[in-house]
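> Given next are the chains, with one letter for each unit.
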Amino acid sequence: MALIELKNVSRTFGKGDERVVAVDNVSFAIDEGEVLCLVGESGCGKSTTGKIVAGLLEPTRGHVLFDGQDISKMDKESFRRYRHSVQIIHQDPYASLNPTQTVRQMITRPLLRHHKARSNEEAEKRAIELLEIVDLTPAQDFMNKYPHQLSGGQRQRVSVARALTVEPRFIVADEAVSMVDVSIRVSLLNMLSRLQDEFNVTFLFITHDLALAKYFAWEGRISVMYLGRIVEDGPTRRVVMDPRHPYTQALLAAVPEADPELARRKRRIELRSADIPSLLDLPSGCTFHPRCPYFVAGVCDGEVPPLVAIPEGGRVACPVRKDISIQLIEETPAAPAA
Amino acid sequence: MGSALLGAVRSLGATLRIMSYNKVGFAGFIAVMLILFMAFVGPFFVPLDTVTKVDQIYQPPNAEHWLGTDHQGRDIFSQIVNGGKDVIIVAVVAGALSTLIAVTFGTLAGFAGGRTDSVIVSITDIVLTIPQLPLLLVLAALIKLNNIFFLGIILGALGWPSLLRAVRSQALSLKQRDFVEAARALDLGTMHIIFREIVPNMMTYIIISFALAMTGAIYAQVALVLFGLVPFSGSNWGVMLSLAWVRGAIYFKDSIWYIMMPVAAIVILQLSIVTMTRSLELVFNPRLRSGE
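Protein chains in written order, with the working numbering: chain Y, 541 to 878; chain D, 954 to 1245.
Since the hints were derived computationally from the structure, they do not count as laboratory data. A virtual CB, placed ideally from N, CA and C, is assigned to each residue, including glycine. Please note: incorrect hints may appear among the correct ones.
[Unchecked claim] When the alpha-carbon atoms are kept at most 30 Å apart in a straight line, the in silico DSS-like pairs for lysine-lysine are as follows:
#1 Y/754 to Y/806
#2 Y/613 to D/1128
#3 D/1128 to Y/555
[What the hints assert, rightly or not] On the chain Y side, residues computed to face chain D include the following (Cβ under 10 Å):
#4 591
#5 596
#6 600
#7 618
#8 620
#9 629
#10 630
#11 637
#12 640
Start from the sequences, fold in the hints, and give me the full structure.
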């Protein structure tokens, strides 16, 4: 049974003409110990989905199941268990820590409140252990620090340590590394991976960066979101090596390659339009059709294409291209420029 | 017991050290302490001069009368020393009450939203539009305002609306912050979220508003006394001003010392309170402590 399951979840904001469908009919399941990467550009509904999973936002329609139980129908005790099992790590390390609290207060308070520690001494000891788990050493030096005395990467580690106080089984990492310097991104990602291995924590890893998704979820799965809908999902290897949806292909083609030889051979996908449609006035049918290079009139702008399972693994919401593989890296090197 | 006392002394010392990072603010703090000392301990050493001395009317400051004498030849310094207590008590009671109302209901309105919010905001708007001084004049005519605590409560009960609106809007903005969301995810409870996450982030603002509420209350009560609407018992800075006014002191050039002394006392108290908030800001906002 899946640890977390979303069933036809939708979320709208606003009223009347200003109504925005941030998440539209999204379904997915995450098994215990698995990593699911939610990928998409800004404003596509990834964060909203993350907040719904973490129980911080209620879906307008649909259900969220935790351990097979609908969270909106849970009794107090089960909801409390779910609440403690699912934690979120925010994107902005400068907004996610209270500027008036020291690291000690931030970490010992949840420990004491939820009886994870029986005395102040025990909470202190546990807090130091947690700081060591997130590689903030020597931990004692960080206990009396206020957030403004820490760097972005250190703050993000404190945020993770704080989430670990309640011993969560599931962590929603909402762009958790996108606001820290590239140089410390990898060590943060490795730390999160270690949590997954050592404590069997399940991850919903939300990012706009496919390269990060590849790195973090190579053994897991990727779901690609576009304007509130999932357009393609599947095992990371399949989605990265053999993307089927034109949007996924465009995203992958846009990832820069470090190797200049590869970069030269990389195929470009020309979109018909570089602009993202307004969320207030979404295109009919497949919302990607005004930009899609494979647009077929009458097919793409009619019905919303359903997610259809493909034999190679995962699902694709594109009736036109779902069975056609393309090569993103050309086999023969391109002719050198004259 | 001993260690608890030691801990309290140590944290008091730490607080004072933080306050001393801002020199101007710390000077204000010391001035407030001196004024409090003068107003509450001073009367035991400087008895109120009530003897009329016709030959010593309107003297300028001199060795015998440090701040000069009034229209009956009485010592002004003793009146200043004895006249501060009531003013300060009313200011603290009024400031504390209005701040308490504003913070409690402002945070509640911002945090709860919906119907609770609309009800609180409507009441606030109504109270906000009542012209304060005319209402106080009417009230003073209807009920005897001779108890200083009662006067403080009335001033406090009218002084909260603008602070409440400010607190509410801050609470509205703070409750959307990521760290509040994290506290919700950690199931820390509504009380924790309000008093540990939201209110500490407004403390700087609340402290400044408390100081301003106190200054407002001082003006309001001095005005009431000046208009002769509060029966003045004994001596207070408002009574001194009122007497100076009634006795026509403002028409004599010699009486300038008499009328200026209570004005100066009020201005110095206000200034000290307002500058002290600079130091209090440091205590409540760790980001401002450049000294660390």
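> Are the hints correct? Go through all of them and say.
Okay, the hints, checked on the actual structure:
{"no.": "1", "hint": "Y/754 to Y/806", "in the structure": "17 Å, holds"}
{"no.": "2", "hint": "Y/613 to D/1128", "in the structure": "26 Å, holds"}
{"no.": "3", "hint": "D/1128 to Y/555", "in the structure": "22 Å, holds"}
{"no.": "4", "hint": "591", "in the structure": "8 Å, holds"}
{"no.": "5", "hint": "596", "in the structure": "6 Å, holds"}
{"no.": "6", "hint": "600", "in the structure": "18 Å, violated"}
{"no.": "7", "hint": "618", "in the structure": "13 Å, violated"}
{"no.": "8", "hint": "620", "in the structure": "7 Å, holds"}
{"no.": "9", "hint": "629", "in the structure": "8 Å, holds"}
{"no.": "10", "hint": "630", "in the structure": "4 Å, holds"}
{"no.": "11", "hint": "637", "in the structure": "6 Å, holds"}
{"no.": "12", "hint": "640", "in the structure": "4 Å, holds"}
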